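Asker: Sequence:
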Amino acid sequence: MAVNIQLADPGTANRRHFLQRVLPFLPLPGRAGIVDLGCGDGYYCGVFSTVSRALTEGGLPVYRGFDLDEAALDEARERYPHAEFCGADITNGIDPAALECGLTLCCETLSIVGDLEGILERMLTHTRGAVAFDFLWSSDGCEEDRVLPLRVLPPFQYHLRSQRNAFATLQRVMARHPDWHLKNTSSWAFSPQAMEDFTGVPGIQAENVWWILTQT
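Residue 59 in this note's numbering sits at position 50 of the sequence shown, with consecutive numbering throughout.
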């Protein structure tokens, strides 16, 4: 079942884009549960708790978020006591059994942690239903990936991918999982000024691209 909602305070441009262009295409997993890789303060738990009663009914938590930011996790735990939030490195620090779910989200994270192929591989291996994720790629025709400093979250960096390399990575992973298919993609422009504000590097043209993959 696909849904579309408008929250009173959708937050950043990326979160508005998620509500308008991504959420309507996502099937709700019900008791199969949701895993949120890079969950931060649990914003997306709030979104799905609004549209799915299964996430707030009794029983075991069916929304499980992972992040390294303990302060954000504490905030998430206070806001959403029905969910489970764990401190873990999503690149290699999660028990595979904890990744089993019906929907995996990885929002505002893949451009920082960098390991696109490894995380996609784990998502498709352990999810039974759908995955949704976003990352930055270059919109100025650059043929090579670039690593940019991230001024607002030192010492993290942006991994700005070329379209060629991003597509090649997706194709490699999906070739290993033939039961997974691309359902939808959408993007929004990240202005050069915003990129300079985040990185200190002028003249960078980028898009934030959202992908939805579903399993047959």
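Where hints are given, some of them may not hold.
Straight-line C-alpha distance at most 25 Å; calculated DMTMM-like pairs for lysine to aspartate or glutamate [unchecked claim]:
1) K192 <-> D124
2) K192 <-> E93
3) K192 <-> E84
4) K192 <-> E87
5) K192 <-> D83
6) K192 <-> E216
Everything labelled a hint here was simulated from the structure, so no lab data went into it.
All values reported here derive from a predicted model rather than from experimental measurement.
Asker: Compare the structure with each hint and give your call.
Answerer: Hints, verified against the model:
1. K192 <-> D124: Satisfied, since the Cα-Cα distance of roughly 22 Å is no more than 25 Å.
2. K192 <-> E93: Violated. K192 to E93 sits at ~28 Å, over the 25 Å cutoff.
3. K192 <-> E84: Judged against 25 Å, a Cα distance of about 33 Å means the pair is violated.
4. K192 <-> E87: Judged against 25 Å, a Cα distance of about 34 Å means the pair is violated.
5. K192 <-> D83: Roughly 34 Å separates the two Cα atoms, so the pair is violated.
6. K192 <-> E216: holds (19 Å)
Of the numbered hints given earlier, the model fails hints 2, 3, 4, 5; all others are met.
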